[in-house]
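Read off the chains here:
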Amino acid sequence: GNSVTQMEGPVTLSEEAFLTINCTYTATGYPSLFWYVQYPGEGLQLLLKATKADDKGSNKGFEATYRKETTSFHLEKGSVQVSDSAVYFCALSISSGSARQLTFGSGTQLTVLP
Amino acid sequence: NAGVMQNPRHLVRRRGQEARLRCSPMKGHSHVYWYRQLPEEGLKFMVYLQKENIIDESGMPKERFSAEFPKEGPSILRIQQVVRGDSAAYFCASSPTLQVFDEQYFGPGTRLTVT
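Those protein sequence lines, which keep their order, are chains V and X.
Sequential numbering from 1 applies to the first sequence in the numbering used here.
Sequential numbering from 1 applies to the second sequence in the numbering used here.
FYI, nobody ran anything at the bench for these hints, they're computed from the structure.
Glycine included, C-beta positions come from ideal geometry on N, C-alpha and C.
There may be inaccurate statements among the hints.
Cut-off 25 Å, straight-line C-alpha distance, at most; resulting in silico cross-link-like pairs (SDA-like, lysine to any residue) [claimed, not checked]:
#: 1; chain 1: X; residue 1: LYS44; chain 2: V; residue 2: LEU113
#: 2; chain 1: X; residue 1: LYS27; chain 2: V; residue 2: LEU47
#: 3; chain 1: V; residue 1: LYS77; chain 2: X; residue 2: GLU40
#: 4; chain 1: V; residue 1: LYS77; chain 2: X; residue 2: GLU41
#: 5; chain 1: X; residue 1: LYS71; chain 2: X; residue 2: GLU52
#: 6; chain 1: X; residue 1: LYS62; chain 2: X; residue 2: GLY28
#: 7; chain 1: V; residue 1: LYS60; chain 2: X; residue 2: TYR105
#: 8; chain 1: X; residue 1: LYS44; chain 2: X; residue 2: ARG20
Calculated from the model, a selection of chain V residues having no Cβ within reach of chain X, i.e. all distances over 12 Å [said to hold, decoys possible]:
#: 9; residue: ASN22
#: 10; residue: THR24
#: 11; residue: THR26
#: 12; residue: THR51
#: 13; residue: PHE62
#: 14; residue: ARG67
#: 15; residue: THR71
#: 16; residue: HIS74
#: 17; residue: SER79
#: 18; residue: SER83
#: 19; residue: LEU113
Here's a subset of chain X near chain V, in silico, CB distances under 10 Å, partners left out [to be verified]:
#: 20; residue: TYR48
#: 21; residue: SER58
#: 22; residue: PRO61
Kindly generate the complete structure, drawing on both the sequences and the hints.
The following block contains the structure:
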């Protein structure tokens with residue numbers, strides 16, 4: 001089956017530190033990959049996505065590259081801010097008959113301290 | 001263009017009661033998905049619906065849970081005879097197409113507490 005494994009949290013960083021959140025996946029076929037962010041008490045918002053191997057998704061200073069050879073989609077940001085504190089979810093979507101659901105990782109809680 | 005709407009935002013039910021959760025997709029979106037998020041866990045797919053049809057309910061518990069998306073009105077997730085283990089956040093998402101690379105747009109969620 002399909003699955004997503006995320007680096008376990010929580011992660012605590014100081015402002016302006018470098019961020020990496022690891023994400024690897026298992027899928028039968030060619031998935032599209034997503035990073036979603038969830039702020040306290042809110043729903044999920046799409047942060048970035050990549051739809052084929054070697055694609056790089058980027059948004060708000062965050063980046064992730066679709067690596068087919070290592071089945072990975074690690075999230076990075078060069079300089080985090082306090083406002084980046086949230087839970088980050090890696091997810092995949094794959095075409096399988098009528099199935100269209102997203103498969104999520106368990107989430108990584110990020111706290112950025114001033 | 002309003003986003004995905006869910007109501008109520010918070011719902012408290014006693015054990016044995018029924019819970020009804022509503023979701024209005026974004027305008028122009030005909031594909032609706034429900035997910036459940038247990039405390040400190042990721043989201044788990046429950047069901048995928050199009051207007052008047054359940055397409056994939058592989059993540060739905062076999063008993064007490066049902067979902068519908070009528071021709072008119074919001075999608076409804078119904079939980080009968082709730083138990084404490086049903087306490088969770090329930091998120092609805094919608095998408096405009098069936099393309100696997102399209103994002104799903106999420107609502108703010110309904111947080112169900114069973115006492």
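The hints, checked one at a time:
{"no.": "1", "hint": "X:LYS44 with V:LEU113", "verdict": "30 Å, violated"}
{"no.": "2", "hint": "X:LYS27 with V:LEU47", "verdict": "21 Å, holds"}
{"no.": "3", "hint": "V:LYS77 with X:GLU40", "verdict": "24 Å, holds"}
{"no.": "4", "hint": "V:LYS77 with X:GLU41", "verdict": "24 Å, holds"}
{"no.": "5", "hint": "X:LYS71 with X:GLU52", "verdict": "6 Å, holds"}
{"no.": "6", "hint": "X:LYS62 with X:GLY28", "verdict": "31 Å, violated"}
{"no.": "7", "hint": "V:LYS60 with X:TYR105", "verdict": "18 Å, holds"}
{"no.": "8", "hint": "X:LYS44 with X:ARG20", "verdict": "19 Å, holds"}
{"no.": "9", "hint": "ASN22", "verdict": "15 Å, holds"}
{"no.": "10", "hint": "THR24", "verdict": "14 Å, holds"}
{"no.": "11", "hint": "THR26", "verdict": "15 Å, holds"}
{"no.": "12", "hint": "THR51", "verdict": "4 Å, violated"}
{"no.": "13", "hint": "PHE62", "verdict": "15 Å, holds"}
{"no.": "14", "hint": "ARG67", "verdict": "17 Å, holds"}
{"no.": "15", "hint": "THR71", "verdict": "17 Å, holds"}
{"no.": "16", "hint": "HIS74", "verdict": "17 Å, holds"}
{"no.": "17", "hint": "SER79", "verdict": "26 Å, holds"}
{"no.": "18", "hint": "SER83", "verdict": "19 Å, holds"}
{"no.": "19", "hint": "LEU113", "verdict": "21 Å, holds"}
{"no.": "20", "hint": "TYR48", "verdict": "6 Å, holds"}
{"no.": "21", "hint": "SER58", "verdict": "7 Å, holds"}
{"no.": "22", "hint": "PRO61", "verdict": "15 Å, violated"}
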